[in-house]
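Reconstruct the complex from the two isolated chains, following the hints.
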Amino acid sequence: MNDKENESKKGPFVWRTRDIVITAVISVAVGLIHFAFGSLYLALSGALGNIWVMLFLGFYYITGILVAYVIRKPGAAFFASVLAAFVQLLVGSPFGIAAVFAGMVQGAGAEAVFAAFRYRSYRFPVLALASVASGAFAFVYEFFYLSYGRLEWWVPVAYFFVRIPSAVILAGLLGKLLADALAKTGVIRLPKQG
Amino acid sequence: MIAAIFRERGSVLNRINPSMSFLALTILVLLPSLYLDPITPASFWLIGVIGAWPLARLSPVYLLRRSLPYLALCVGLFIVNALLYGGEESSVLFTLGTIPFSTEAVLFAGSVSIRVLCLVTYSQIFASATDPTLLTNSLIVQVHIPFRFAFGVLAAYRFIPLLAAEMQQIRAAHRVRGAYRRGFHGLVFRVRRIGIPLLAGGIRKAERLACAMDARNFAVASRRTFYRKPGVRIADWVFLAGVVVIAASIIVSLRLAGLSHGFLAGTAETLTGVKR
Chain C
1 MNDKENESKK GPFVWRTRDI VITAVISVAV GLIHFAFGSL YLALSGALGN
51 IWVMLFLGFY YITGILVAYV IRKPGAAFFA SVLAAFVQLL VGSPFGIAAV
101 FAGMVQGAGA EAVFAAFRYR SYRFPVLALA SVASGAFAFV YEFFYLSYGR
151 LEWWVPVAYF FVRIPSAVIL AGLLGKLLAD ALAKTGVIRL PKQG
Chain X
1 MIAAIFRERG SVLNRINPSM SFLALTILVL LPSLYLDPIT PASFWLIGVI
51 GAWPLARLSP VYLLRRSLPY LALCVGLFIV NALLYGGEES SVLFTLGTIP
101 FSTEAVLFAG SVSIRVLCLV TYSQIFASAT DPTLLTNSLI VQVHIPFRFA
151 FGVLAAYRFI PLLAAEMQQI RAAHRVRGAY RRGFHGLVFR VRRIGIPLLA
201 GGIRKAERLA CAMDARNFAV ASRRTFYRKP GVRIADWVFL AGVVVIAASI
251 IVSLRLAGLS HGFLAGTAET LTGVKR
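These protein sequence lines map, in sequence, to chains C and X. If you use this note's numbering, the first sequence closes out at 194, no skipped numbers anywhere. If you use this note's numbering, the second sequence closes out at 276, no skipped numbers anywhere.
If we strip away everything but chain X, and leave its shape as in the complex, we get (with noise of 0.2 Å):
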């Protein structure tokens, strides 16, 4: 399917069933927040970038290459985060001009912006191996998305494309016309006389796809039959588990290691900040 970076690789990630391999990494993407030190959500993205090689046959370069733009937005966020860090400061680790940083500020501002590290990254690895098309049907028979919606956006995307081709053409009628305006100013410009008949296109397509759907009675029938039936099977739960055994294995040992800081040290301190 066009439109997505998915492409079929013969992994094993390909063959999980969607709903759980989302449920899985979401799993990993969440529980690194509830920990206010940069070990731990270095370590789940460690295990995701290394787990990515043999299950989804990512290489760590492929992930690297991918997330390289956004580690931008990770440095901003630690330099925010270390500025404006409101905890308890206790030894002054380095100064910045005349901006002295403290130990526990830096160790949350790593921990924060390593956390967004963690996203990005199993964003990329979901979306490299997650084909669109089993995720729809996924969603409607393991989250039971009623099936009129589901099938009215497959076919939706579908529109992509046929969109982007519309682009073109919207450009090169303004263009003929001497109606282009180029650069930042005329930004604005451009986002008013191409995305409106952009849109209003799109609509239209909309309407004669539901008219055509309709006409074969799609909003009429009550059971679905499937090309490819999404089931979760042992290997389904396999993975789940294995994530799950690996995410609090982490956790484990680096509690016994006294790497970590949060979570199983007070849950709700980490959360709000109120120190009890």
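Pulled out of the complex, with its shape left as it was, chain C reads as follows (with noise of 0.2 Å):
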């Protein structure tokens, strides 16, 4: 990136030292709270079983949608989501490497649905559907990793449905409210139309 020519644009979509510094505090807190809450998520799936523990899943996919709704620039969602896996690998979680490139194929499938928004639309829908595509981009990977293919057929079915309204609640909703619980302090602005 020429840093000459980026001073002399001054676009919405121009990420200023503000906006960069705000992602990676978001991020790096969410990424210690993702650490906090990865031994949570194991004694719940001690608890619940395998499937049913990924209603918990989606708060995962949190990062990209919440600094997407406050941040608003392209490339937001995959730059918080990335952040938020190396912080998590570099304080110790067991799921270190993994969770970096979860964080990619997360971070990507947010990026998708509000790049397919021209990075215009922050509304609850756009925000369920990012949450969504993160939740099928991350199946994806897992489907390979842990090769889901060789369960029985309804096994990886039950696996990406019971993410979904995880998604939806856990990234799309709590990301918003939390946003907007903020925007109320006053430390961030958030356009009027959602």
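Don't read these hints as lab results, they were simulated from the structure. Cβ coordinates follow ideal geometry from the N, Cα and C atoms, glycine included. Hints may contain errors.
The calculated lysine to aspartate or glutamate pairs, modelled on DMTMM-like cross-linking and capped at a C-alpha distance of 25 Å, are [what the hints assert, rightly or not]:
(1) LYS184(C) - ASP131(X)
(2) LYS205(X) - GLU166(X)
(3) LYS184(C) - GLU8(X)
(4) LYS229(X) - GLU8(X)
(5) LYS229(X) - ASP214(X)
(6) LYS229(X) - ASP131(X)
(7) LYS205(X) - ASP180(C)
With beta-carbon atoms standing in for the labels, derived distance ranges [said to hold, decoys possible]:
(8) PRO191(C) - VAL252(X): 54 to 62 Å
(9) SER39(C) - SER253(X): 35 to 43 Å
(10) SER39(C) - ARG192(X): 15 to 23 Å
(11) LEU256(X) - ALA47(C): 38 to 46 Å
Covered by chain C, according to a simulated footprint, are these stretches of chain X (three or more residues, beta-carbon under 8 Å) [stated by the list, open to error]:
(12) 73-85
(13) 93-101
(14) 228-236
The following block contains the structure:
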């Protein structure tokens, strides 16, 4: 990226230092929360079993949605997801290396949806769609890494569909509520059109 | 740097370019997932535990202690995958209650759960041996991440201890006003009442930081200089080549011994589960 050129451009889609650092702070914080959430997820998977615990999987997709909703720039969802994953890796998450790949595909999924709406619409249906896209992209990655193809045919189907409501609620809705609550405190300003 | 499990141990892996070691460990994590037998991932796991001792100065005891909590996850994955296995099943290995487990199901379940054990172990090795600052520098120079982003991240990373201190402060403030709820029931309450001020405080700090960075012409400079500039040296290539050679020799020798199943024996089948 040529920074001289960057300086002269002042469009709504140009990343300012402020956007970068805010994205970074939110992503680092969410990465730490995900790291802590990892142990809870393990405990829940013991209590609920491998399929039902995926009802909580959506929480892992929140990074891209929350940051994209707050920052509204191209690349925000992807950058935030990957960054939160690297934080998890460095603080010693058991899924560290896999989390980085998962972060990339989840971020790409959300990014694809925001790009399809030309980074102009951040209404709840768009956020929900982006969350589901995160889940769908992550599913493809898991399908290969954990050989879902070898299980009974209905198992991967269940793995896929169980995460959809989870993504909509724990990533889309929670991300939006969180950002709206932050806007209420006055630290960020969100445009009128949701 | 705080908030990472990295500690300088003067090991070989500490001096390897972080981008290169990430690439090398990624190969070791992803290759076993192309196999459907437990022996291949187990060999990859073993080579990591043994190799980390001289190369990263991480003793097997340290690695086992760090991955112990996640053994439960591996056992859970084993049970679920053995129960839900849908491939061909020839002979019943044992029955638990009334549920029969076939040899194939047990081998497959073993493969998946040991794969995850492999992932856990290599993640711990990478995190324990990688300096976050060097990783960031290397991502800028070798992977060409724009430095504005990378340094913004590095600055934010330093906030972690500050955020932790702030969290204590918010908690204390709530307690003093009697607005603290204990237990699982109070979890939602705490997440809202602590999480939002914490994030808000973080964002305020981020804005001040961004201002300070801009005031020092951070965004305008087009060239970067480094205190410790990471290069890719011969040692890094040797390390990567060594990892590739070891991985290849494990794969080839297991194949010759007839112990592995998958990849060379039929990648498409391994990945999709569709038998041709």
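Results of checking the hints against the structure:
| no. | hint | result |
| --- | --- | --- |
| 1 | LYS184(C) - ASP131(X) | violated, 38 Å |
| 2 | LYS205(X) - GLU166(X) | holds, 11 Å |
| 3 | LYS184(C) - GLU8(X) | violated, 43 Å |
| 4 | LYS229(X) - GLU8(X) | holds, 18 Å |
| 5 | LYS229(X) - ASP214(X) | holds, 23 Å |
| 6 | LYS229(X) - ASP131(X) | holds, 13 Å |
| 7 | LYS205(X) - ASP180(C) | holds, 19 Å |
| 8 | PRO191(C) - VAL252(X): 54 to 62 Å | holds, 59 Å |
| 9 | SER39(C) - SER253(X): 35 to 43 Å | holds, 38 Å |
| 10 | SER39(C) - ARG192(X): 15 to 23 Å | holds, 21 Å |
| 11 | LEU256(X) - ALA47(C): 38 to 46 Å | holds, 44 Å |
| 12 | 73-85 | holds (count 7) |
| 13 | 93-101 | violated (count 0) |
| 14 | 228-236 | violated (count 0) |
In summary, the structure is inconsistent with hints 1, 3, 13 and 14 from the numbered list given earlier, while agreeing with the others.
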